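Based on the hints, put chain B in the right spot on chain A.
Spelled out, the chains give:
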Amino acid sequence: MKRVEVFGMGCANCTATEEMIKDRAAELGVEIEITHIYDLAKIAARGIMSTPAVIIDGTLVHKGSVPTNSDITEWLQG
Amino acid sequence: MFKIFTKLGDLVAFDLLALDPTTHMAHAIHFFVEDTVKLLFLITVLMTLVGFMRSWLSPEKVRHWLQGKPKWIAYLMAVSLGAITPFCSCSSIPLFIAFLSTGIPLGVTMAFLITSPMVNEVAAVLFGEAIGLDFTIAYVVTGMVVGMVGGFIIDLLKLDKWVEPFVFQVQVNDEGLNEEVELTIKQRLRYALNEAVNLIKQIWLYIIIGVGVGAAIHGFVPQEWFLEHAGAGNLFAVPLAVILAVPLYSNVTGTIPVAEVLIAKGLPVGTTLAFIMSTVAISLPEIMILRKVLKPQMLVFFVAYIAIAFILVGYGFNWLF
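Chains A and B supply the protein sequences, listed in that same order.
Note that the working numbering gives residue 76 to position 76 of the first sequence, counting from 1, and the numbers run on in steps of one.
Note that the working numbering gives residue 1192 to position 192 of the second sequence, counting from 1, and the numbers run on in steps of one.
This is chain A alone, in the form it adopts within the complex:
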């Protein structure tokens, strides 16, 4: 099971990112445990400077924009 962390303060982009990942995971049948970190202090402490950002199983896979569906697919199937 993949551990997905989405970082974002709560604006539309970050929410969209989380939704897209959940939807795609459901479509692909990949089990994920997804958490959304809204807290600024925590986001900054992880060294993230541009949101939305996505960390999967401890590795930063994306930052600074809403990812594309093909990106998400790649992460979930990798």
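What the hints contain is simulated information worked out from the structure, not anything from laboratory work.
This structure is a prediction, so every number in the text was calculated from the model and none was measured.
Looking from chain A toward chain B, a few residues come up when the C-beta cut is under 7 angstroms (computed):
{"no.": "1", "residue": "Ala12"}
{"no.": "2", "residue": "Leu40"}
{"no.": "3", "residue": "Ile43"}
{"no.": "4", "residue": "Ala44"}
{"no.": "5", "residue": "Ala45"}
{"no.": "6", "residue": "Ile48"}
{"no.": "7", "residue": "Met49"}
{"no.": "8", "residue": "Thr51"}
{"no.": "9", "residue": "Ser65"}
{"no.": "10", "residue": "Val66"}
{"no.": "11", "residue": "Thr68"}
C-beta: ideal position from N, C-alpha, C; glycine also.
Below, chain B without anything else, positioned relative to chain A:
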């Protein structure tokens, strides 16, 4: 090059809706169709282009460049960065924290934070297309100077105490996050287009409303009305413009059609600029986002400073042009 949008306006207003070209309604509808489509198209194209170029720039690189630089260079770099960062203020905040945590001075970081939501490169291009190069330069320079001066004052008055304490206490642990992934050209274009589309999804309503307001003014306010009632001779026009803008908010691209129409109808450049920038910079959404990292005292200072700055800018440009 943009004739096609005019033709589209003609098509809808005069052919499809068969409106009499001499009526106010016809003018308003024509303006609405032409400008909405043109703006949406141009913003998408420009944002893709800018996003593509910006893909080579990362906050990590900039943070690295800013560290240890002499103050004046740092201020200029900070506002330049603010001018080219995307609309979404929620990216400015993590950046703000990250910059402070690596020892970049508060003044420099605040300069970035002030300029970032105000100045946008795409808006600058579109202002240029709609109104002219003068206005564009005024817009960009105002945003950057207001940012630099603001940051400088904050530094001078040592307003660190008005920043939420947690910001300074953040321990950044970013080992392993700094590997720069090399993107292919195709990937960069894809990201840029994706970002542009996402952006349009967020701001399309502001554009529609902006064009709607512009269209209403265009069609229904007589030519030169503003010149008679709010011309450069009227000393109250500039502060009034700023005050009126406070309860208003729009994404800066939504103000482009309004600015275009106001100037066409005779509102002086300085007054228009003050109005537009106040609409964007002094707003509840903006304040709420800033509240996450700044104490209320700082927010009060911020609003007061911006208001005064724009009033001065308004008078200044009215006098210059």
